[in-house]
Every structure is written in structure tokens, then in C-alpha cells.
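Asks: Sequence:
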Amino acid sequence: MTSKLMALGLLPLFALVACGDAAGPTAMESPVPVENFDTSNAMLTGQPISSAQGFADTVAASDWYEVEAGRLAQVKATTQTLKDFGRTMEKVHADSTAQLRAAADKAVPAIAPNPALSAEQEANLATLRDATGTDFDAAYKAQQISAHQMALAAMNAYAAKGDVPALKGFAAEAGKTVQMHLDTITGL
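Under numbering that gives the first Met the number 0, the first residue of the sequence shown is numbered 0, with each subsequent residue one higher.
It should be emphasised that the hints constitute simulated quantities derived from the structure, not laboratory data. For clarity, every value in this text was computed on a predicted model and none was experimentally measured. Every residue gets a Cβ at the ideal spot worked out from N, C-alpha and C, and that includes glycine. Hints may contain errors.
Claimed, not checked - Dumping the calculated DSSO-like pairs for lysine-lysine here, alpha-carbon to alpha-carbon at most 27 Å:
1. K175 / K82
2. K160 / K175
3. K105 / K175
4. K75 / K140
5. K82 / K160
6. K105 / K160
7. K90 / K105
8. K140 / K175
9. K90 / K167
10. K105 / K82
11. K167 / K105
12. K82 / K167
13. K90 / K140
Unchecked claim - Label-pair restraints from in silico Cβ distances:
14. D94 / N155: 28 to 34 Å
15. T185 / T77: 16 to 22 Å
16. T183 / K105: 29 to 35 Å
17. K160 / A125: 31 to 37 Å
18. Q98 / A159: 17 to 23 Å
Take these sequences, add in the hints, and give me the full structure.
Replies: Here's what the structure looks like:
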């Protein structure tokens, strides 16, 4: 049931990708130095977000959430398997952010991904920070399954119907990795 509630909580975030809604999360720290992000981002200026901008922002926030959750798992998980998965998530999602930025730079005009977390992602990280022992393990695994299901849906949707070729290519390739991570965490 928790996974369903988390999935429903993340649903509005991914709806932004489909409808281009200008409403969105607030700014917060990024795994990539803030000076590397363009502050004229539509999320910060209140201008309408294109499908490409919405997708880039969604992926950037997802990556940031995964990096932070992975760091917590490396310290708090009770099993080496989850610690190792967390380490993998930190590295792969930091790399994904760099790949996303490279693809977004190819858009005309270039897109600056905004990694601001949604309220749900912030709440999920707070849950992980507060959890201990096997409660942490269960929460981390449930959140990872839900987050990867949502990310996979966003990747597949943009790969199929996106409007920026470089981002479509990124989505198609990243979707394969997301599916692999989903399969891995589901099997743990």
C-alpha cells in the first residue's frame, strides 16, 4: 500500500512532463554545483515550461533524489546489498545528470535542467533520514521501486513523443538503465 501511496504522490510531478504545467517544485540544493545551472530556467521565472523543459527538470530532480537516497543507504542500510545498491545509485545518477545536461545543451534554445525536488521527494528523503535499521531498509526499497517505476514511465513517454531529438535519445538510453535498476531493486 505504501508503494501505491508513494506512486500517487509522485504522479503530479510526472504529469508536468505530459501537460507542460508551469507549477512545480521549489529550488533546493543540487548534486551539481548551482553555478552550473542557468538561473533563467522557466521554473524560476514563472514562464511556461515546454515538454522538453518539464522532462529535463523531472529527470534532474529524480537524479538528485537518487543521489541523496543512495548516500543515505550507504550509511544506514543494514545489508551490504542495499549499501552497494545505494553506492551504484549515487554514481549512476550523478553520471545521468551530466548526460542529461549534455543532451539539454543540444536543444535550441538550450535547456537548463532544474533539479528542484518535489515535496514528495523531500518527504521521502526525510523519511529515510528518520528511519533506522530494517525500517530504513524497507522504506528505501519501497521508495526505490516507486521512484524507478515513475522514472521509467517518464523516460519511455519522452523517448516515444519528446520534442528534442537529443533528449529523446537520452531518454531511450537512460530508460534501459532505469529498467535494469528497477529489476535489481525489485529482486532484492
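Asks: Which of the stated hints cannot be reconciled with the structure, identified by number in ascending sequence?
Replies: 5, 10, 12 and 14
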